[in-house]
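Could you slot chain B onto chain A? The hints should help.
From first to last, the protein sequence lines stand for chains A and B. Read in order, the letters of the first sequence are residues 59 to 156 in the numbering used here. Read in order, the letters of the second sequence are residues 83 to 227 in the numbering used here.
Calculated from the structure, these hints are not laboratory results. Treat the hints with care, as some may be off.
[To be verified] Derived coverage of chain B by chain A (criterion: at least 3 residues anywhere in the stretch with Cβ under 8 Å from a Cβ of chain A; other residues may be distant):
| id | segment |
| --- | --- |
| 1 | 83–93 |
| 2 | 118–132 |
| 3 | 160–170 |
| 4 | 184–197 |
[Unchecked claim] Reference listing, derived: stretches of chain A covered by chain B, where coverage requires no fewer than 3 residues with Cβ under 8 Å from a Cβ of chain B:
| id | segment |
| --- | --- |
| 5 | 91–100 |
| 6 | 141–147 |
[Claimed, not checked] Here are the computed lysine-lysine pairs in the BS3-like style, where the Cα-Cα straight-line distance is at most 27 Å:
| id | chain 1 | residue 1 | chain 2 | residue 2 |
| --- | --- | --- | --- | --- |
| 7 | A | LYS63 | A | LYS146 |
| 8 | A | LYS63 | B | LYS149 |
| 9 | A | LYS129 | A | LYS146 |
| 10 | A | LYS129 | A | LYS70 |
| 11 | A | LYS127 | A | LYS70 |
| 12 | A | LYS129 | A | LYS71 |
| 13 | B | LYS212 | B | LYS134 |
| 14 | A | LYS146 | B | LYS134 |
| 15 | A | LYS127 | A | LYS144 |
| 16 | A | LYS127 | A | LYS71 |
| 17 | B | LYS134 | B | LYS149 |
| 18 | A | LYS146 | A | LYS71 |
| 19 | A | LYS70 | B | LYS212 |
| 20 | A | LYS144 | A | LYS63 |
| 21 | A | LYS144 | A | LYS129 |
| 22 | B | LYS212 | A | LYS71 |
| 23 | A | LYS63 | B | LYS212 |
| 24 | B | LYS149 | A | LYS144 |
These numbers were taken from a predicted model, which means no experiment stands behind them. Idealized CB from N, CA, C, for every residue including glycine.
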Amino acid sequence: MTVQKDAQGNEKKFLHEFADFRNQRVLEIGCGEGRLTRHYAHASSLTVGLDSDPDALRVALIESPHEAKHKSAFINAQAEHLPFSKNKFDIAALAWSL
Amino acid sequence: MVHALSEIRRVLIPNGILIDLRPVLDRWTVEVASARATSQTGRVTDFPVGLKDDAAANQAMAESESKGWFIREREEFFPFVYSWDSANELEEWIAEEWEDFVALDEETRRATRSAWALADADARVQLNLKMLITRWRVGGELEGG
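For reference, chain A alone in the conformation it holds in the complex (with noise of 0.2 Å):
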C-alpha cells in the first residue's frame, strides 16, 4: 500500500510558523517514527523523542537525519512521567498525542 502523507507539506509550514525551532531544545512527546521531528531536527540545539513504542523508537532513530544525530535521542517513557530535570526544554511538541 502506498500512502502519501501531508504532500502539501502544510504540517511542516505551520510548525514553523509557530515556533522557531533554532538552537532551541525541543522534547516531542509521541514522536512514533519520527516523521514530524524530522520537521526541525537539524534547526534545534537538542531533540529529545518521547513515544511508549520501542518499534517506532527504533525506526525513528536509524531514519533521523545525519546533520541531527549527535544531538538527537529518542526514549521509551509516557507523558505522564517525563524522566527529565525541571526547566529541560525550551519548547514541547505534542505530535497528534494529546
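Frame of chain A, contents of chain B only:
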C-alpha cells in the same frame, strides 16, 4: 492528560512554548484527485470514541489554561491530506488503522470507487484531515508551588 500537561510544564523553562498539534474529527472529506480535476465523493463517519477523545483533549487543555499553567497564544486549523493509489487502499487503511475512529458509509464507498474508476490515470484517492495547531506559552507559578 492533565497530569501529562503538568509534567510538560515542569520540564519547560519559564516562558517556554508548548505546541499542540493533532487531528480533530470533523467528518473528513473523501476526494478523488488528479492533476486535472478533484471531486468530492463523500465524508467519513465519525465514531463516538474519537469524538470523546477530542473532547477530552480540549478539556485537558482548558483545565491547564484555567490553572494558569499555559496561556494560549495562537491557534489555527489546516488541512492534512492522506492519499492512496486506489479506493481499495483507502478502505484497507481505514479498516486497519482507524477502524475505532472513522468509517466509510456505503454511499461514499460506492461513489469513491466509481469516481476513481472513471478518473484520469494519475488519480489518487484522498482523505482531508482537519488539523489543529495551538501555541501555548508557559504561564505563571504552578498551582500550589
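Straight-line alpha-carbon gap LYS63(A) to LYS212(B), limit 27 Å
13 Å, holds
Need the status of pair LYS129(A), LYS71(A): alpha-carbon distance at most 27 Å?
23 Å, holds
Do the alpha carbons of LYS70(A) and LYS212(B) lie within 27 Å of each other, as the hint requires?
15 Å, holds
Holds or violated: LYS146(A) and LYS134(B), Cα atoms, limit 27 Å.
32 Å, violated
Quick one, are LYS212(B) and LYS71(A) close enough, alpha carbons at most 27 Å?
15 Å, holds
Take the C-alpha atoms of LYS129(A) and LYS70(A), compute the straight-line distance between them, and say whether it is at most 27 Å.
20 Å, holds
Assess, step by step, whether the Cα of LYS63(A) is no farther than 27 Å from the Cα of LYS146(A), and give holds or violated.
Violated, because 32 Å separates the two Cα atoms, which is more than 27 Å.
Taking 27 Å as the top limit, are the C-alpha atoms of LYS149(B) and LYS144(A) close enough?
Between LYS149(B) and LYS144(A) the Cα gap is close to 19 Å, so the pair holds against 27 Å.
For the segment 184–197 of chain B, count the residues whose Cβ lies under 8 Å from any Cβ of chain A; is that count three or more?
violated (count 0)
Taken at face value, is the distance from the CA of LYS70(A) to the CA of LYS127(A) at most 27 Å?
Judged against 27 Å, a Cα distance of about 20 Å means the pair holds.
Tell me if the straight-line CA distance from LYS146(A) to LYS71(A) falls inside 27 Å.
26 Å, holds
Check whether three or more residues of the segment 160–170 of chain B sit with their beta carbon closer than 8 Å to a beta carbon of chain A.
holds (count 8)
In this structure, the earlier hints numbered 2, 4, 5, 7, 8, 14, 20 are contradicted, and the remaining ones agree with it.
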